[in-house]
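First to last, the protein sequences are chains A and B.
The UniProt record's numbering puts the first residue of the first sequence at 1, with every later residue one more than the last.
The UniProt record's numbering puts the first residue of the second sequence at 1, with every later residue one more than the last.
Hints listed in this document are in silico derivations from the structure and should not be mistaken for laboratory results.
Remember, predicted model here, so these are calculated numbers, not experimental data.
Do not rely on the hints blindly, as some may be mistaken.
Because identical chains share one entry, a pair is satisfied inside a single copy or across any pair of copies.
Straight line, CA to CA, 20 Å or less: simulated EDC-like cross-link-like pairs of lysine to aspartate or glutamate [unchecked claim]:
(1) 220 with 396
(2) 313 with 337
(3) 220 with 137
(4) 254 with 425
(5) 220 with 209
(6) 220 with 181
(7) 254 with 284
(8) 313 with 300
(9) 254 with 72
(10) 254 with 50
(11) 254 with 58
(12) 313 with 284
(13) 220 with 325
(14) 313 with 292
(15) 254 with 292
Number of protein chains: 2
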Amino acid sequence: MTAHISHSDLATADVDRYMQHLGQQAREATTRLRRADTAAKNAALHAMAERLQQARVDILAANAADLARGRDAGLDAALLDRLALDDARLDAMVEGLAQVAALPDPVGEIDGLRSRPSGIQVGQMRVPLGVIGIIYESRPNVTLEAASLCLKSGNACILRGGSEARDSNAAIAECLYAGLEAAGLPAGAVQVVATTDRAAVGRLIAMPEYVDVIIPRGGKSLIERITREARVPVIKHLDGVCHVYVDATADLDKALAIAVNAKTHRYGTCNTMETLLVDAPLAEALLPRLAEAYAAHGVELRGCERTRAVLEKVGEASEADWVAEYLAPILAVRVVDGIEAAMAHIERYGSGHTDAIVTEHYGLARRFLAEVDSSSVMVNASTRFADGFEYGLGAEIGISTDRLHVRGPVGLEGLTTRKYVVLGDGQVRR
Amino acid sequence: MTAHISHSDLATADVDRYMQHLGQQAREATTRLRRADTAAKNAALHAMAERLQQARVDILAANAADLARGRDAGLDAALLDRLALDDARLDAMVEGLAQVAALPDPVGEIDGLRSRPSGIQVGQMRVPLGVIGIIYESRPNVTLEAASLCLKSGNACILRGGSEARDSNAAIAECLYAGLEAAGLPAGAVQVVATTDRAAVGRLIAMPEYVDVIIPRGGKSLIERITREARVPVIKHLDGVCHVYVDATADLDKALAIAVNAKTHRYGTCNTMETLLVDAPLAEALLPRLAEAYAAHGVELRGCERTRAVLEKVGEASEADWVAEYLAPILAVRVVDGIEAAMAHIERYGSGHTDAIVTEHYGLARRFLAEVDSSSVMVNASTRFADGFEYGLGAEIGISTDRLHVRGPVGLEGLTTRKYVVLGDGQVRR
Chain A
1 MTAHISHSDL ATADVDRYMQ HLGQQAREAT TRLRRADTAA KNAALHAMAE
51 RLQQARVDIL AANAADLARG RDAGLDAALL DRLALDDARL DAMVEGLAQV
101 AALPDPVGEI DGLRSRPSGI QVGQMRVPLG VIGIIYESRP NVTLEAASLC
151 LKSGNACILR GGSEARDSNA AIAECLYAGL EAAGLPAGAV QVVATTDRAA
201 VGRLIAMPEY VDVIIPRGGK SLIERITREA RVPVIKHLDG VCHVYVDATA
251 DLDKALAIAV NAKTHRYGTC NTMETLLVDA PLAEALLPRL AEAYAAHGVE
301 LRGCERTRAV LEKVGEASEA DWVAEYLAPI LAVRVVDGIE AAMAHIERYG
351 SGHTDAIVTE HYGLARRFLA EVDSSSVMVN ASTRFADGFE YGLGAEIGIS
401 TDRLHVRGPV GLEGLTTRKY VVLGDGQVRR
Chain B
1 MTAHISHSDL ATADVDRYMQ HLGQQAREAT TRLRRADTAA KNAALHAMAE
51 RLQQARVDIL AANAADLARG RDAGLDAALL DRLALDDARL DAMVEGLAQV
101 AALPDPVGEI DGLRSRPSGI QVGQMRVPLG VIGIIYESRP NVTLEAASLC
151 LKSGNACILR GGSEARDSNA AIAECLYAGL EAAGLPAGAV QVVATTDRAA
201 VGRLIAMPEY VDVIIPRGGK SLIERITREA RVPVIKHLDG VCHVYVDATA
251 DLDKALAIAV NAKTHRYGTC NTMETLLVDA PLAEALLPRL AEAYAAHGVE
301 LRGCERTRAV LEKVGEASEA DWVAEYLAPI LAVRVVDGIE AAMAHIERYG
351 SGHTDAIVTE HYGLARRFLA EVDSSSVMVN ASTRFADGFE YGLGAEIGIS
401 TDRLHVRGPV GLEGLTTRKY VVLGDGQVRR
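Make a model of the complete structure from these sequences and hints.
Given below as C-alpha cells:
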C-alpha cells in the first residue's frame, strides 16, 4: 500500500506528476473496490467515523487555522460560515457516515434477468463507475460526504476541496485514510488532493486514462469552466430557475401553501421557486392573497404588466427577471393564458431543474408531467421537495441538470452504471 | 413547417449557418416530439416504409450513381459492398421500419413510483434525450435505422452519412421526410445533412445549444477524433478485444464449441473473440483439439510460450497481439494460471467490451461476473451474443464501450433518460 503524500512532502513536488500518481493509485484501487463486499465497505465507513470522533480536537484546531487565515484574507461572513466546523457539525458528519453505511449497497444488483430464445439468460448488473474526481469549494464536510458515497458505491475518488479549507480537509483526510486501512481497503480508494495549486484541477479534469467522471460542486462559473475544459464526462449542476404554475382549476389554499413554501422555505437553494406563473382567470382571486403572504415574509415581487394591473405596488419585471436565479427573497410573477403559455414560458426561460403545476384538472396534470422537460416535474407539491433525501435516495452527492446518465438528485445509484451479464450453458450463436 | 434543404440549394450556402439552421429546427422539433404519442410515431414509420417501397427505382438509381463514383475513386471491394443496395437490402430496410414500429415505446414509462413519508409520491419517467447527432460511414441503411430508432424514442436527429453514399442517403431522406409529413410530425424531427463538406461534422459536434449527444458509428480513428473534438457528450464504441477464458473445471465440449463459435462465427464483428485464455491444467487436453478445429476454419494461432510448448507449429504472440483487434481469422492464445491471472490479463489488455468464462465451478462463475469490468460479461456462452437483438432489445443503434449513461448494446432505452415525477396533493416542505 503506497502511503499518502502530506502537504510538506508536496511542497517541492511537481503537481503534474503528483496528480498522475493519484490517478494511477485510484485506477489501481478500482480492481479491489469492485470486489470489495458490502461488509468491508461498511467497516471502512464505521472506522472512519470512529477516527473522526477521536480526532475532534485536531480537526477543530485545523479548522481554526483555516478560519484565521480566511479572516486575514478578508473572506465574507457567508463563506466563513460554510467553512466553520463545530461539535454539532462534526456530530452530523459522524452521523452521516453511519447513514451511508446503513444504505443498501447498489453494487451487484441484477435487473431484468430474462431467458432468450437462444437459451441464454440476459440481465444488467450494477457496477461502480470507476474513478470519480470531485471538485468543490469551502465546505469541509463535503470531503466526508463525497468520500463516503463514492466508497459505498465501489468507486475510487480523488477529492479536491477549496484552498480556504486546506487544513480542515487534511485533518479529515487522515481519518478517511485510517478508516480505509483499518478495513483493509487500498489507500487509492479515497485520496484528498494535498496541494492548493490551481494546476491540480486542470490536471484532474484532463486524465481520461485515470478518471472516469468529474463532479464539480460549487458556483456556476467554476462549473462552466470545468465543463468547458474537462476531457472526461462531467455530471453537473447549473442553475435552478424553478417555476410554479397555478392553473385556473387550482385549489386556492393548496396554491397559496405551495407558492409560499416553494419561495420562502429557504431562499438560497437551487430548488427554490424563482418565477410564479398564474393562469389569467385566477389572477384577481389569487394575487392579492399571495402578495399579502409574501409581504409577511419580506419577499419582493417583480411582475409582468398583467400582474401589476392587479397588484399596483409591485415593481416591473424585465426580461432579465425571467431568467434570474435570485437565491434571495425576490420573486418574478407572470400572468399567463393557460397551460400552453405556461409551458412555453418554462421552456424558454427555465433551466430544466424543477417545475410544478398546481391544478385539480387530471388532463392538465398529465400533460404537464409528460411535456415539461425538467429533471423534476411536480403536481401539487412544493419545488423544495427536489432533494435526494426527500426522494428517498438516502443521500445525495448533488443534483444533476444534465440529461445523460443521471438527471435530478444523484444518490448512490447515480454513481454506478450497468453492465450486461449473460448466463449460458454452452450456447453458441447460430 | 420549414422545407428541407436540397443538395442544389446548398451548393452556395454557408455550412456554418446551414448546420445552425438544422440545429435550430431539431431543437424546435423536440417540443412536439415529446408530446407525440406512440400512434403518431408509428404512423410516421409506416409511412416511411411505404414511401421507401414506392421509391425503389429512384433509390437504386441514386445508389448506382454512388457506386459508379466510388469505383471511379478507387474504393475497395469491401467498402463498395457496404455501400451497395439491392432489392433484398431494401426489403430488409422496409422490414426494419416495421420492426421498430412494433417495439414498445419507452417514452412515458414510470418506474418505482413510491410514497414518501411527506405524503408525496416519487417516481422516474422515461423521456427522450432531445437532439441526437449521428455520424456514420458508407452504409446507407444506417440512415434509416438511426432515423427510425431516434424517432421511436422521441428524439430529433441530425444524420451525417459518408460522402460516398451521398446520393443514396439523399434519396432515402426524401422518403423519411415524406413519412414525417404524412404523420404530421415536424420536419426537424429527422434531418439528413445535405452537404458532404467536412466542416459540417466539426460544426455538428460543437453545438451544445442544439445537440444533446453525438453517436459516431465508424472506424476507430473517426471516433477518436470526434471524441476529442466534441463539445457535447459522445456515446461511443471503440475496440472490441474480447476474451474467452477456459477454466480448468470447464466442460471440454462446451469450451470447444464456444471458443470456435466466438472466433469463427464472423470475423469482422466487434464481439468476436480475439484472445483465448486457457487455464494451465487444461492446456494439454484442450489446445490440440482446438488447434484442429481452428485449422479446419483456416484460423491462424499466435501463442505464448506455454501454448507453443503444446502446439509446436504455432507462431509466437508478441505484446502487440494481446491488444490486437484482428477482425480477421487470427487468434492470440495464452496459457494462464487460474482465474486471477486470466482476469489480470483481461484488465490489462482488454477493451472492456465482452469477455466470457467457460467453467463448471459456481464460485468462479460468480467471481468472473462480478469482477470483470466489461460491458458484457458471460458464463458459458459465446461472446458473439453481445448484440441488441440477441439481448432482446429489438434493435440496436450500436454498442457502447463507454461507462456513463449506457454500456453495451444500445437500443431504444439507451436513447432515453429519466426525469423525476412528483405527485402531491398540496404538500409543502417542513
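Evaluation of the provided hints:
Only within a single protomer do residue 220 and residue 396 lie at most 20 Å apart by alpha-carbon distance; the minimum there is 19 Å, versus 37 Å between protomers. When the C-alpha separation of residue 313 and residue 337 is checked against a cutoff of 20 Å, the pair qualifies neither within a copy, at 23 Å, nor between copies, at 82 Å. Taking the closest pair of Cα atoms, residue 220 and residue 137 come within 20 Å of each other only inside a single copy of the chain (12 Å); across copies the shortest separation is 38 Å, beyond that limit. Within a single copy, residue 254 and residue 425 get their C-alpha atoms only as close as 59 Å, which misses the 20 Å cut-off; across copies the closest is 8 Å, which meets it.
Proximity of residue 220 to residue 209 under the C-alpha cut-off of 20 Å is restricted to the inter-copy arrangement: shortest distance 17 Å between copies versus 27 Å within a copy. Neither within a single protomer nor between protomers do residue 220 and residue 181 lie at most 20 Å apart by alpha-carbon distance, with minima of 36 Å and 41 Å respectively. Taking identical chains as interchangeable, the C-alpha atoms of residue 254 and residue 284 lie at most 20 Å apart only when both belong to the same chain, with a minimum of 17 Å there against 77 Å between chains. Within a single copy, residue 313 and residue 300 get their C-alpha atoms as close as 11 Å, which meets the 20 Å cut-off; across copies the closest is 86 Å, which misses it.
When the C-alpha separation of residue 254 and residue 72 is checked against a cutoff of 20 Å, the pair qualifies neither within a copy, at 49 Å, nor between copies, at 73 Å. Neither within a single protomer nor between protomers do residue 254 and residue 50 lie at most 20 Å apart by alpha-carbon distance, with minima of 46 Å and 51 Å respectively. Taking the shortest Cα distances, residue 254 and residue 58 never come within 20 Å of each other, neither inside one copy (49 Å) nor across copies (61 Å). In this homomeric assembly, residue 313 and residue 284 come within 20 Å of each other (Cα to Cα) only inside a single copy, at 15 Å, whereas the closest approach across copies is 92 Å.
With identical chains, the CA atoms of residue 220 and residue 325 are at most 20 Å apart within one copy only, with a shortest distance of 11 Å there and 43 Å across copies. For the identical chains of this complex, residue 313 and residue 292 are intra-copy neighbours only, at 12 Å inside a copy versus 92 Å across copies, given an alpha-carbon limit of 20 Å. In this assembly of identical chains, the alpha carbons of residue 254 and residue 292 lie at most 20 Å apart only when taken from the same copy (16 Å versus 78 Å across copies).
The earlier numbered hints that this structure contradicts are 2, 6, 9, 10 and 11.
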